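*Asks:* Each chain, letter by letter, is given below.
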Amino acid sequence: MAEQQHILYPDFWVDKHSDYLFNFAIARINNYDLAKDLVQETFFAGLKSAKNFEGKASERTWLVSILKRKIIDHYRKINSIKGQAEVKMNFYENGDNEGSWIEERVPQSWDNDTEKSIENEELKQQLDYCISKLPEKYAMVFTMKTIQEFETEEICKELEITSSNLWVMIHRARTQLRKCIEDNWFKK
Amino acid sequence: MANKFFISCDEATTICDKSQYKEASFFEIIQLKLHFLVCKVCALYSKQNNFLSKLYKSKATNCNKESICISVKEKEEIKKQLEQLKSELSLRNNLVL
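If you read the sequences in order, they're chains A and B.
For the first sequence, our numbering gives the first residue as 1, with consecutive numbering after it.
For the second sequence, our numbering gives the first residue as 1, with consecutive numbering after it.
Keep in mind that the hints were calculated from the coordinates and are not lab data.
Just so we're clear, the structure is a prediction, and the values are computed from it rather than from any experiment.
Take the hints with a grain of salt, since some may be wrong.
Over the 10 angstroms line for every Cβ pair with chain A, so calculated as not near, a few chain B residues [as the list claims (entries may be wrong)]:
hint, residue
1, CYS9
2, ILE29
3, LYS33
4, TYR45
5, LEU52
6, TYR56
7, SER58
8, ILE68
9, LEU82
10, LEU85
11, LEU89
Here's a subset of chain B near chain A, in silico, CB distances under 8 angstroms, partners left out [said to hold, decoys possible]:
hint, residue
12, GLU11
13, SER19
14, LYS22
15, LEU34
Built from N, CA and C at the ideal position, the CB exists for glycine as well.
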């Protein structure tokens with residue numbers, strides 16, 4: 001029996017696939033406007049390369065594969081932008097103290113880190129603020145891993161990075177966030 | 001290599017972060033525990049990290065409940081542009097033919 005051949009129906013793309021693609025994008029880049037732009041670009045690219053569609057995968061799978069490329073391109077772009085939102089280091093990078101805490105960034109005791117405060121709305125807003133202050137690529141990897149709860153392997157595959165690369169970024173994001181939450185919440 | 005068991009604070013906190021996702025290896029956990037014996041700062045970091053993980057988790061639970069959509073108006077806008085692109089493409093193809 002011949003395999004079912006899939007056909008593209010670009011006239012229905014927006015109605016059938018835009019919400020799915022949009023949620024796929026927003027889970028990874030966490031920015032409404034950007035996610036919308038990437039979905040739109042995906043449709044454009046799809047239309048332009050429609051003649052290359054072989055009908056082996058479903059229309060949606062094919063569109064998702066285009067969107068994935070767009071997301072990697074975006075990640076590469078933010079990864080290569082130098083100097084943007086400079087990362088504050090928490091540890092000495094070289095010299096005798098290499099790998100030790102930088103004095104002013106040593107964790108301080110928190111007096112009210114109780115279970116109750118986790119449900120505090122203001123603390124959650126503070127967290128959103130601190131995430132928004134992270135360099136974009138750290139925010140992206142951190143959010144995918146921690147908030148969207150993707151598997152490590154999946155993130156590495158999608159962004160074409162190694163797992164040690166991923167852990168370095170998670171580590172930097174988390175130490176930054178810790179410091180930001182300490183400064184803005186626990187020191188008041 | 002002699003110092004395989006003695007790691008820096010940077011390395012220790014990296015393992016600590018990894019362990020928040022239950023992805024640190026058994027050997028890494030041993031390195032971490034040994035480090036805590038000599039470093040109170042990292043032990044404090046670890047304690048705070050547990051708190052932060054719960055905070056992140058509660059945000060994750062909130063987020064996963066939401067499904068966001070593109071507004072109808074924005075969809076119409078995309079459709080219009082897609083339509084335009086389509087006519088441009090077919091025009092170009094006709095010229096080639």
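*Asks:* Run every hint past the structure and note whether it holds.
*Replies:* Comparing the hints with the structure gives:
1. CYS9: Non-interface label fails for CYS9(B): nearest chain A Cβ at 5 angstroms, not farther than 10 angstroms.
2. ILE29: holds, 15 angstroms
3. LYS33: holds, 18 angstroms
4. TYR45: violated, 5 angstroms
5. LEU52: violated, 6 angstroms
6. TYR56: violated, 5 angstroms
7. SER58: Contrary to the label, SER58(B) does not stay out of reach of chain A, its closest Cβ about 5 angstroms off (not over 10 angstroms).
8. ILE68: It is violated; ILE68(B) is separated from chain A by about 6 angstroms at its closest Cβ, not greater than 10 angstroms.
9. LEU82: violated, 6 angstroms
10. LEU85: violated, 6 angstroms
11. LEU89: It is violated; LEU89(B) is separated from chain A by about 7 angstroms at its closest Cβ, not greater than 10 angstroms.
12. GLU11: This hint holds: GLU11(B) lies near chain A, its Cβ roughly 6 angstroms from the closest one there, short of 8 angstroms.
13. SER19: violated, 11 angstroms
14. LYS22: With Cβ-Cβ at 11 angstroms, over 8 angstroms, it is violated.
15. LEU34: At 15 angstroms from the nearest chain A Cβ, LEU34(B) fails the 8 angstroms test, so the hint is violated.
Of the numbered hints given earlier, the model fails hints 1, 4, 5, 6, 7, 8, 9, 10, 11, 13, 14, 15; all others are met.
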